[in-house]
Every structure is written in structure tokens, then in C-alpha cells.
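Asks: I would like the entire structure built from these sequences, with the hints used as guidance.
Here's the letter readout for the chains.
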Amino acid sequence: MLLVLGRRLANIVPTMLAVVALVFLLFSVLPGSFISGMNEDGRSTIDPAVMERMRKEMGLDDPLLERFAKYVGNTVMGDLGTSFRTREPVTKMLSGRIWPSLKLVLAAMTFAILVGVTLGFLAALKPGSLIDTASMVGAISGLSLSQFWFGLMLMYLFALKLQWLPSFGYGDGGLRNLILPAIALGVGPMALLARTTRAAVLDVLNADFVRTARSKGMSERLVVKWHVLRNALVLVITIVGLQFGSLMGQAVVVEKLFAWPGVGSLMVDSVFQRDMPTVQGCILMIVLFFLVINTLVDLAYVVIDPRIRYR
Amino acid sequence: MTTPLLKVDDLRIALAGDGITYNAVEGVSFEIGRGEAFGLVGESGCGKSITALSVMGLLRRPLSLGGGRIVLDGEEIQDASAAEMRRLRGKRIAMIFQEPMTALNPLSPVGRQIAEMFVLHQGASWREAMDRAEEALRQVRVPSPERRIRDYPHQLSGGMRQRVMIAIALACGPDLLIADEPTTALDVTVQAEIIDLMAELCAAKGTAILMISHDLGLVANMCNRVAVMYAGRIIESQVADAIFATPSHPYTRGLIDSLPRLGERARHGRQRLTEISGVVPSIQAYPAGCRFNPRCPAVTDICRTIVPEATSLPADGLVRCHHHG
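Those sequence lines, one after another, are chains A and B. In case it helps, this note's numbering puts the first sequence at residues 11 to 321. In case it helps, this note's numbering puts the second sequence at residues 24 to 348.
Hints listed in this document are in silico derivations from the structure and should not be mistaken for laboratory results. Among these hints, one or two may not hold up.
These stretches of chain A come out as covered by chain B in the derived footprint (C-beta under 8 Å, 3 or more residues) [as the list claims (entries may be wrong)]: (1) 210 to 220; (2) 230 to 242; (3) 311 to 317.
Where a beta carbon is used, it is the ideal one built from N, C-alpha and C, also for glycine.
Replies: See the structure below:
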């Protein structure tokens with residue numbers, strides 16, 4: 011098991027290298043730079059000589075390949091460069107942002123799993139019932155809602171009208187500040203999970219081995235507990251993994267909306283100022299998170315499904 | 024005659040379609056004595072499997088019991104509650120299904136799936152139940168059962184899986200074993216082993232068998248009596264030997280003629296296997312009168328209008344044909 015884990019983690023390295031290359035090339039072909047951005051409004055009066063010196067310092071004049079090699083080399087050594095904007099090491103800026111982001115994503119996913127999987131299960135066990143119809147209508151709405159609008163509505167209702175929860179900000183990092191952004195972020199995966207779980211459970215309920223279980227004289231409750239649950243879980247966990255992984259990326263909007271000091275909002279700010287090293291660092295962070303979660307999901311399969319054995 | 028173990032009387036199974044209800048099975052009656060092996064034969068879609076499921080109380084929408092009586096050991100069970108049926112299922116009536124690949128839970132060790140029976144019906148603890156599961160595997164002659172109980176279904180061959188299914192079905196010593204095409208999905212060599220094993224274990228425990236198959240040869244070998252179904256009705260039932268010697272319904276004769284037999288073709292100078300022309304009509308388009316009439320070589324006008332009544336044959340046999348004999 012540990013060997014499998016090690017091997018899977020090692021597989022992340024080439025993927026990360028490819029991502030680094032892609033991100034780097036993408037930014038090198040984008041027009042504009044941090045320096046030209048400073049002068050963008052046309053009213054700034056920066057001495058061209060100063061600008062020239064800055065370009066040199068930041069290495070923006072070096073040939074592309076050289077810059078790339080240097081960047082990859084530094085990245086491998088754990089140095090993601092220095093932010094153009096704050097002059098701080100990107101790793102240091104990121105390290106302060108990772109925990110809030112992680113906390114938000116974990117909370118959103120917990121909400122999505124608890125509510126989504128439960129609703130999906132209840133809906134599947136009583137197809138056509140009120141709870142089925144209600145939860146599926148809810149799921150479709152949840153999928154179609156824009157996070158941005160839904161977040162605003164949450165703020166309006168729970169912060170402004172009811173005044174139960176703070177409308178935005180990290181506060182002391184406690185639960186009260188976490189609830190609204192987590193729900194805003196989790197509602198999409200929650201809806202998807204409700205639908206997937208419902209389909210998975212219905213699928214399993216029609217399986218031959220469930221008929222066998224019934225022919226054994228088992229109560230419906232035991233049929234579900236002994237034979238349906240685990241089999242449906244295999245299908246659900248795929249979606250959990252995919253959603254979980256991409257949630258860090260989706261968090262960009264919600265973090266910005268709720269002024270949440272995570273990787274996502276740092277990335278948005280850095281994009282506006284063309285602070286390339288920071289943007290690249292953020293993207294790498296998000297991709298790394300995705301890959302790690304995917305690896306964990308693969309391992310979860312091995313634990314749940316005896317038919318799967320990775321070599 | 025003593026009370027039969029199972030008596031199915033005028034069974035009707037309804038299939039709910041778009042606004043119309045069809046009779047997927049109608050007028051089906053048969054009896055199975057204690058320890059007797061009874062065969063139900065017919066083509067795919069003739070209603071034999073759902074007849075079995077109705078005895079188990081496992082019909083699911085769009086199918087439902089439309090009428091008739093199912094009597095187990097003198098007790099009518101067609102209207103039994105879900106809880107009452109649960110107590111019968113597995114304990115007194117057990118069932119083996121066609122596909123051993125999918126009939127077992129892929130995520131549960133086979134030992135546990137056998138052990139469930141002892142936990143459910145005999146109140147055994149899991150530890151005790153696992154010991155008995157091992158014993159049950161030994162009885163169905165799975166090699167090294169002490170290791171196999173921890174195996175998952177995908178680690179076993181098709182034949183082994185069907186042995187596990189037999190172990191599950193016979194775990195609580197049921198009075199009746201329903202075997203729905205138990206060997207169809209298996210290799211021919213394995214088929215014989217499984218059939219022999221089933222027959223032997225049932226004979227030893229006095230378990231009656233309701234054997235469902237499309238294979239008349241297989242059923243006739245194993246069963247005391249055989250009923251042939253066509254398009255939702257039993258068209259002939261006889262003692263197994265008699266059905267081969269004196270088939271009375273043209274459909275039965277057609278089935279027997281189409282069985283491949285070693286040396287037969289050479290002896291008769293025939294090049295082709297005999298076949299029954301045409302296909303089974305779909306349930307929306309059952310013909311009036313005798314449902315076999317479009318395919319029958321001996322069809323006359325009366326066959327197209329009047330449903331043939333059952334005519335008695337020797338030894339409790341019956342046939343539904345205007346021109347039998």
C-alpha cells in the first residue's frame with residue numbers, strides 16, 4: 011500500500027513539469043508586462059531609464075528559453091521566484107494563503123458530501139416521492155446557480171437581513187466566517203453529488219446481486235446496508251474526487267466575493283497586476299492540489315473495491 | 024395424494040404497459056411434490072422466469088401478480104405480506120440465478136455472502152456463521168474452502184461462483200430450490216458438474232427442485248416431470264420419460280426434433296438440424312386461439328379462433344391442443 015502511494019506520488023512529478031511549461035509559455039505570449047502595466051493609464055511619469063533597469067532586474071529581457079530553464083530549476087529547488095509587486099518570495103506569500111484555501115475547500119466539500127449524498131440516497135430509495143422530486147429540483151437549481159449570485163444572496167439573507175453571520179472576511183478564522191463561503195462554494199458539487207448518488211443507488215438497486223440479496227429473505231434495510239451502500243459508494247467517490255480536486259480552482263470566485271485570503275484571491279489580484287511569478291505559483295498550487303486529491307481518490311478505490319489493484 | 028409442497032393454480036402475471044395491461048403469464052398451474060424435481064421449459068420470454076419470481080414474491084414493476092393461487096405446504100402465500108415472504112425466502116424457498124457473474128456482490132467476500140444466510144435465518148453470530156459458511160463451501164466441493172471464504176467473486180471461476188450460489192441457496196435447508204437457468208452461462212463441461220451437484224445435494228436433503236431452462240434435454244434428464252411453456256401458457260406437461268417418447272403438442276415435438284443428437288443426422292441422411300419456423304410472438308401481438316398457431320405445422324381453422332382446453336394425458340399429464348396425439 012505504501013509502495014503504491016509512493017509510486018502514485020512520483021507520477022505527479024512529470025505532470026507538474028508539463029504544467030509548469032504550459033503555464034510559463036502561456037504567460038510569455040500574453041501581451042503586456044508588470045512594467046508596462048505600471049504605465050498603462052498613460053499618466054504615470056516613470057523615468058524610462060528606471061523602467062529599463064527594472065526590466066533587467068526582473069529578468070524580463072532574457073531569452074525565453076533561458077528564463078524557462080531558470081524558472082524550472084528554481085521551482086525544483088522549491089523557489090517559486092519573487093513577487094514583482096511585493097518583492098516577497100512567492101513561496102512565502104503562498105504559504106500564508108494555503109491554509110485558508112484548504113479550510114474553505116474542505117468545508118465546502120464536507121457540506122457537499124453530507125447534504126448531496128444524503129439527498130441522493132433518500133431520493134433513490136423512494137423514487138417518484140416528494141423528497142425525490144424536491145431534491146432533484148434542488149439539484150438542478152444548484153447546478154445552474156452562479157456561485158457569484160448565490161454568494162450574494164447568502165450574504166443578503168444571512169448577513170444583512172438576519173444578521174446571523176458575518177458577510178465577508180476571514181475574521182479570526184473561526185467557523186462563523188467559514189459557513190457562508192463554504193456553502194456558496196459547495197452548492198455546485200452538492201447538487202452534482204445528489205444527482206450522481208441517486209443514479210448510482212438506482213443502478214445498484216437494479217443489479218442482479220441485489221435480487222439475490224432479496225431472494226435470501228433480507229429486509230430492504232439490510233439489502234441497502236449490506237449490499238447497496240458500498241457498491242454505490244464506488245460510483246460516488248469518482249465524482250467526489252473530481253469535484254474536490256477542481257474546487258480549489260473554482261474557489262477563485264468565491265474567495266474574491268467573500269474577501270477570503272486564499273490562493274484564489276491572491277491569484278486574481280496578481281493577474282490584474284501582471285505579477286507573473288505569483289500567478290504561476292498560485293496555478294501550480296492549484297494543480298498540485300488537484301493531483302494530490304486525485305491520487306488519494308485512486309487509493310480510496312483500492313480500499314473500497316477489491317477488484318482494483320494498482321501495480 | 025398427499026398435499027403437494029408447492030401448488031400453483033391458475034397463475035396470472037400482469038405486465039403494465041402504456042395504459043394497457045397484458046397478461047405475461049396466464050392459466051399456469053402445476054404441482055411439485057416433496058423432494059420432487061420439476062422442470063419448466065420454454066423459449067426466452069415465454070414467462071418461465073417470472074413464474075419462478077412470482078413464487079418467490081419477487082415480481083417487480085411493471086410486473087405484478089394478476090391472479091391465481093400459490094400454495095406452499097398447504098398455506099396460500101400469494102397475498103402474504105412482505106415480512107411473511109421474507110421469512111419464507113431463503114429459509115423455505117431458495118433460488119439460484121442464471122448469471123453467477125453478476126448474482127454475487129462484487130465487493131463482498133463469498134464467505135460473508137453465504138454467512139449472511141445463517142445470520143439472517145438462524146440468528147447465528149458472524150463468527151459462527153463464517154465457520155458454517157466454510158462448511159457449506161466444502162459441501163459444494165469448492166477446493167480449500169478455508170481460503171476461498173475470504174475470496175471475492177471475481178477471484179472465482181464461473182463454475183465456482185455457481186457453487187457458491189448453490190451453497191447460499193441450500194444453506195438453510197429449504198424445502199424448494201428454484202434454479203433459473205443455473206448452467207446457461209457456464210461451459211458445457213462445468214454444466215454437468217453443477218447439475219449433478221445440485222441433484223445430489225437436493226436428493227440428500229430432500230429438497231424439491233423447480234428447474235427452469237430452455238434446454239429440454241437437460242431438464243428431462245434431471246426432472247421427474249416436465250411442463251412446456253409457450254407464450255405465457257403451459258401447453259403440455261408430462262412425466263419426463265413420456266414427454267420424449269410421446270410428445271403430444273406440436274411445439275413439444277418441434278423442440279424434441281430440434282435437439283441435436285449424436286449420429287442422428289447420418290442415420291436419417293439429413294443435413295440440417297430441424298427447426299421450428301417463425302419466432303415467438305411479442306406480448307402485444309399474441310394471436311387469437313392457440314398462440315402457437317402461426318408456427319404450427321398442423322394448424323386448422325379452429326386453432327385460429329378458439330383457445331384449446333387442457334386435455335388429460337396418462338399419469339397426471341395434460342396438453343392444450345385441438346389436434347393432440
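Asks: Look at each hint and say if it fits the structure.
Replies: Right, here's what the structure says about each hint:
no.	hint	in the structure
1	210 to 220	holds (count 3)
2	230 to 242	holds (count 5)
3	311 to 317	holds (count 4)
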